[in-house]
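Add chain B to chain A, keeping to what the hints say.
Number of protein chains: 2
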Amino acid sequence: MSEREPVGDHLPDGPPVVVEPEGRPFGGSTGPAELHPSDPDAAGRAVLAELSRVLGADQVRTDPDTVRPYVHDEAEWAEHGTPLCLVRARGTADVAAVVAACARHRVPVVARGAGTGLSGGANAVEGCVLLSLERMTAIREISAGERLAVVEPGVVNDDLRAACAAQGLWYPPDPASAPWSTIGGNVATNAGGLCCVKYGVTRDYVLALEVVTADGEVVRVGRRTAKGVAGYDLAGLMVGSEGTLGVITEVTVKLRPARPAAPRTVVGFFDSLADCGAAVAAVTERGLQPAVFELVDRECLAAVNRWRNAGLPEGAAALLLAQTDLPEPAAAAEADAILAAFTEHGATDAMASTDPTEADALFAARRMAYPALEQLGMGMLTEDVCVPRTRMAQMLARIEEIGRRLDVRIATVAHAGDGNLHPLMLTPHDDPAARDRTRAAFDEIISAAVELGGTVTGEHGVGLLKRDGMERELGPRVVAMQRAVKAALDPHGILNPGKAV
Amino acid sequence: MSEREPVGDHLPDGPPVVVEPEGRPFGGSTGPAELHPSDPDAAGRAVLAELSRVLGADQVRTDPDTVRPYVHDEAEWAEHGTPLCLVRARGTADVAAVVAACARHRVPVVARGAGTGLSGGANAVEGCVLLSLERMTAIREISAGERLAVVEPGVVNDDLRAACAAQGLWYPPDPASAPWSTIGGNVATNAGGLCCVKYGVTRDYVLALEVVTADGEVVRVGRRTAKGVAGYDLAGLMVGSEGTLGVITEVTVKLRPARPAAPRTVVGFFDSLADCGAAVAAVTERGLQPAVFELVDRECLAAVNRWRNAGLPEGAAALLLAQTDLPEPAAAAEADAILAAFTEHGATDAMASTDPTEADALFAARRMAYPALEQLGMGMLTEDVCVPRTRMAQMLARIEEIGRRLDVRIATVAHAGDGNLHPLMLTPHDDPAARDRTRAAFDEIISAAVELGGTVTGEHGVGLLKRDGMERELGPRVVAMQRAVKAALDPHGILNPGKAV
Numbered sequence: 001m002s003e004r005e006p007v008g009d010h011l012p013d014g015p016p017v018v019v020e021p022e023g024r025p026f027g028g029s030t031g032p033a034e035l036h037p038s039d040p041d042a043a044g045r046a047v048l049a050e051l052s053r054v055l056g057a058d059q060v061r062t063d064p065d066t067v068r069p070y071v072h073d074e075a076e077w078a079e080h081g082t083p084l085c086l087v088r089a090r091g092t093a094d095v096a097a098v099v100a101a102c103a104r105h106r107v108p109v110v111a112r113g114a115g116t117g118l119s120g121g122a123n124a125v126e127g128c129v130l131l132s133l134e135r136m137t138a139i140r141e142i143s144a145g146e147r148l149a150v151v152e153p154g155v156v157n158d159d160l161r162a163a164c165a166a167q168g169l170w171y172p173p174d175p176a177s178a179p180w181s182t183i184g185g186n187v188a189t190n191a192g193g194l195c196c197v198k199y200g201v202t203r204d205y206v207l208a209l210e211v212v213t214a215d216g217e218v219v220r221v222g223r224r225t226a227k228g229v230a231g232y233d234l235a236g237l238m239v240g241s242e243g244t245l246g247v248i249t250e251v252t253v254k255l256r257p258a259r260p261a262a263p264r265t266v267v268g269f270f271d272s273l274a275d276c277g278a279a280v281a282a283v284t285e286r287g288l289q290p291a292v293f294e295l296v297d298r299e300c301l302a303a304v305n306r307w308r309n310a311g312l313p314e315g316a317a318a319l320l321l322a323q324t325d326l327p328e329p330a331a332a333a334e335a336d337a338i339l340a341a342f343t344e345h346g347a348t349d350a351m352a353s354t355d356p357t358e359a360d361a362l363f364a365a366r367r368m369a370y371p372a373l374e375q376l377g378m379g380m381l382t383e384d385v386c387v388p389r390t391r392m393a394q395m396l397a398r399i400e401e402i403g404r405r406l407d408v409r410i411a412t413v414a415h416a417g418d419g420n421l422h423p424l425m426l427t428p429h430d431d432p433a434a435r436d437r438t439r440a441a442f443d444e445i446i447s448a449a450v451e452l453g454g455t456v457t458g459e460h461g462v463g464l465l466k467r468d469g470m471e472r473e474l475g476p477r478v479v480a481m482q483r484a485v486k487a488a489l490d491p492h493g494i495l496n497p498g499k500a501v
Numbered sequence: 001m002s003e004r005e006p007v008g009d010h011l012p013d014g015p016p017v018v019v020e021p022e023g024r025p026f027g028g029s030t031g032p033a034e035l036h037p038s039d040p041d042a043a044g045r046a047v048l049a050e051l052s053r054v055l056g057a058d059q060v061r062t063d064p065d066t067v068r069p070y071v072h073d074e075a076e077w078a079e080h081g082t083p084l085c086l087v088r089a090r091g092t093a094d095v096a097a098v099v100a101a102c103a104r105h106r107v108p109v110v111a112r113g114a115g116t117g118l119s120g121g122a123n124a125v126e127g128c129v130l131l132s133l134e135r136m137t138a139i140r141e142i143s144a145g146e147r148l149a150v151v152e153p154g155v156v157n158d159d160l161r162a163a164c165a166a167q168g169l170w171y172p173p174d175p176a177s178a179p180w181s182t183i184g185g186n187v188a189t190n191a192g193g194l195c196c197v198k199y200g201v202t203r204d205y206v207l208a209l210e211v212v213t214a215d216g217e218v219v220r221v222g223r224r225t226a227k228g229v230a231g232y233d234l235a236g237l238m239v240g241s242e243g244t245l246g247v248i249t250e251v252t253v254k255l256r257p258a259r260p261a262a263p264r265t266v267v268g269f270f271d272s273l274a275d276c277g278a279a280v281a282a283v284t285e286r287g288l289q290p291a292v293f294e295l296v297d298r299e300c301l302a303a304v305n306r307w308r309n310a311g312l313p314e315g316a317a318a319l320l321l322a323q324t325d326l327p328e329p330a331a332a333a334e335a336d337a338i339l340a341a342f343t344e345h346g347a348t349d350a351m352a353s354t355d356p357t358e359a360d361a362l363f364a365a366r367r368m369a370y371p372a373l374e375q376l377g378m379g380m381l382t383e384d385v386c387v388p389r390t391r392m393a394q395m396l397a398r399i400e401e402i403g404r405r406l407d408v409r410i411a412t413v414a415h416a417g418d419g420n421l422h423p424l425m426l427t428p429h430d431d432p433a434a435r436d437r438t439r440a441a442f443d444e445i446i447s448a449a450v451e452l453g454g455t456v457t458g459e460h461g462v463g464l465l466k467r468d469g470m471e472r473e474l475g476p477r478v479v480a481m482q483r484a485v486k487a488a489l490d491p492h493g494i495l496n497p498g499k500a501v
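Chains A and B are the protein sequences, given in the same order. At position 417 of the first sequence the residue is numbered 417 (the working numbering), and the sequence of numbers has no breaks. At position 431 of the second sequence the residue is numbered 431 (the working numbering), and the sequence of numbers has no breaks.
Chain A on its own, in the form it takes in the complex:
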């Protein structure tokens, strides 16, 4: 959810273009990748009839051209099944009607927002009702007195942020997909982003949810108050559950006061990954708290140079980018301290800047990394491992070693301050052997992250691509607990089956 970058002109205007999976997809069991609605069985026919009666026939779409853009998210390596139909809900009542009908007839229902996910979490499962929340776009309330907002799930992240900013308020979670991804999808995947190194992830901002449960009932979990401990934290449990425990129909989020406008930016290039990791560790150990702390590796730098002739140092192993947003003069002091940590650990071309234009230019390498890599015209598989902060340099070295040994080109950006790395594996199209090597590299990177005490997914979600990795990470007992919770809240297994757990 968090690392969808601007990769082409089509993205702001509509749902993603379908990319056919090549070769054997990851994920296993969602069925054949046909792009027209499946031939419904008796249960499917009953659901179609019931939904047409309750919602109106025009709300229950089965025509391939309409349905096609909704059958998968942006995880091009994840498979998808063929849906029974598509419903674009107009409100909670539509969602409740869909889930109730699916519950009665034991038909799976897959809820989705903008489809910007990178793990296949929103992909159609065979014979499902695809339930799009993208039309539920009302911002119901923004309250400075309560420091909260109440929104429908289809509100786009950037739209909420803009509406909050207009009132001097700030909704921090800022996944790279923010111009397109929806709050509902952000909540379903517990999206992160650049700010979370200082300000936390989506879960840290969810106060309350309206949810349609697996039996089609509408409930409210969580609270409007700043604090509350009445009962288990079901709202927190729903966050990151990828539509497998309920369908989110309203979200109440905490807000912060708007920040001062002009952050200070610090950059440094490093000749070795070890130096770079030491600099990151020094920033943390010295109690500094950058509001953004990113890493761009040599493959990305080279791609940006090739694409835009950017003149970035070709010999550098990595670039670190940090921003501080403290009030002045504390910001100046923090920027100086970050710069010192960089230079003491061997940074070249290190500098700090307060000029917004210059800061923007400095961040260009980070912002342009994905589109520059896209120019290579290769298939891209994005990883999302997260390791303990002090292990980041080790993890980067492991990724480089895996890429070299398996002959897979890997470019990495990372939320350095969080230890969250996004190695992008670049694979030539129509090269099955290369594809197999990439799959092997994907697995080895996951294993390395788990070995280093990390997690297989820092912010993108389990979806289909990380199910095996999650089981490796959590072990059978915790997986059994996860499944017990799933069975308790979705006893017939109709909610996004086969995903996440």
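No lab work stands behind these hints, which were simulated from the structure alone. Keep in mind it's a predicted model, so treat the numbers as computed, not measured. By construction, the Cβ of each residue, glycine as well, lies at the ideal position given by its N, Cα and C atoms. There may be inaccurate statements among the hints.
[To be verified] List of simulated lysine-lysine pairs, DSS-like, C-alpha gap at most 25 angstroms:
1) Lys-254(A) with Lys-254(B)
2) Lys-198(A) with Lys-254(A)
3) Lys-198(B) with Lys-198(A)
4) Lys-254(B) with Lys-198(A)
5) Lys-254(B) with Lys-198(B)
[Stated by the list, open to error] On the chain B side, residues computed to face chain A include the following (Cβ under 7 angstroms):
6) Gly-216
7) Asp-418
8) Asn-420
9) Val-456
10) Met-470
11) Met-481
12) Gly-493
13) Pro-497
Coordinates of chain B only, in the frame set by chain A:
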């Protein structure tokens, strides 16, 4: 958990003195309030035999003098049952052995820390094994590089905070019970405190837990990494679950860098609750973020005056106390802005101070409120309602009205910035009619909080005292979801049965 104040010399030195409940207790079904171990039935005898064999007979205490201090927490109105025995675990293996034996024989197990809770959550249920974690006091790791600490559950909050401070780190959650309460208990109840208005509650700091599940297995949930979305947030689910989903045997918490030492303090007295509420609202609406923002009402002020001849304004309806901890000069600007919000809304005797001694004196009214009220020699029942911030003045007015109408003396302190109020109902001993009126006031306050969109418990937990209120707040469907989760993770209902859900 959060509002246990220094109420007597006995508290720092040992477990709380037993206070006999008078009249009909709240909570209903934990059995007779005998203070010697129950006559065990066959299952109980089997558990005693098994634990004596596995742990050693000296670890399984049934002698009344040893067991008595452990049978209840500090909720003097909550009932408790008679335990089968007491085990003071020395480590995870002891906990696993106890839970496994209890699981085999379907005997309840009640885990507890320091017993400073205020809702009866740690009270013995009839025939249970009382499992004290107070001896598991190791601080296993404090890492500046990872900004985390790993501790056993019996570590006292203040001890962890001191150990962190020695390394330039800070563990923010600061319940008033911090000198005695344990991290395990803080996690089990999701404790709050003064700092949470700016820095969040215990849940916001829990990264990972080692937990003994209801079948006696040891699992790890959560993660050491800064971010992670692999599977449902079971660690978050355990936080605040009051020992009903598992027994916590190790806690990994996030830390922050230590704060600058000297905060600025702002105080103001208000003649009307409405003005006071407007001042609180103004602080929030203007985007100010005090690190502490407390309210002390007229009953508390009068009690402090009586006890210590403190010379506080007798006519004042309430005192507001705020602290800002921004770096200077931003702190000075924020203090000025808070002071302006106070004076613009009618504060008298309003002032700001940077002098630590003066700040301490200003906070004395807050700190001395509980012991001053204790001097009255009456029974005390503490409420913990939390309302939306903008409703605080209304809630205060409702509390005053309820007290007047039902002839119950109520003194209120509040975490004003959070809308979390702690009305203390003062009841003469040996006056059953007064006790009935207090019970009625307790219920009416809960109803008023729910009516105002609030919660029945902001930070103390449900325990026994808030079970009815919780059901009123959440409604039957959400309660059913809570119970489904409970049944999924504790199918035989042996973990702290009758509490929380």
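* Asked: Holds or violated: Lys-254(A) with Lys-254(B), Cα cutoff 25 angstroms?
  -> holds, 20 angstroms
* Asked: Going straight from one Cα to the other, do Lys-254(B) and Lys-198(B) come out at no more than 25 angstroms?
  -> Holds. Lys-254(B) to Lys-198(B) sits at ~16 angstroms (cutoff 25 angstroms).
* Are Gly-216(B) and chain A close enough, Cβ to Cβ, to be under 7 angstroms, as the hint says? -> Violated, about 11 angstroms.
* To do: Take a quick look at whether Lys-198(B) and Lys-198(A) sit within 25 angstroms of each other, Cα to Cα.
  => With a Cα-Cα distance of about 14 angstroms, the restraint between Lys-198(B) and Lys-198(A) holds, given a limit of 25 angstroms.
* **Proposed proximity, Lys-254(A) with Lys-198(A) (alpha carbon, max 25 angstroms)** => holds, 16 angstroms
* Report holds or violated for the interface hint on Val-456(B), using the least CB-CB distance to chain A and a cut-off of 7 angstroms. => holds, 6 angstroms
* Residue hint Met-470(B), partner chain A, criterion CB-CB below 7 angstroms -> OK, holds: Met-470(B) within 7 angstroms of chain A, min 5 angstroms.
* Does Gly-493(B) pass the interface hint, meaning its C-beta sits closer than 7 angstroms to a C-beta of chain A? -> Status violated, d = 14 angstroms.
* Answer holds if the nearest beta-carbon of chain A is closer than 7 angstroms to that of Asp-418(B); otherwise answer violated. => Holds, about 4 angstroms.
* Residue hint Met-481(B), partner chain A, criterion CB-CB below 7 angstroms -> holds, 6 angstroms
* To do: Under 7 angstroms, Cβ to Cβ, is where Asn-420(B) needs to be relative to chain A, so tell me if that hint holds or is violated.
  => Holds - the Cβ of Asn-420(B) comes within 7 angstroms of chain A, reaching about 5 angstroms at its closest.
* To do: May I ask you to test the interface hint for Pro-497(B) with respect to chain A, counting a Cβ-Cβ separation under 7 angstroms as satisfied?
  => violated, 15 angstroms
Violated hints, listed in ascending order, are 6, 12 and 13; each of the other numbered hints is respected by the structure.
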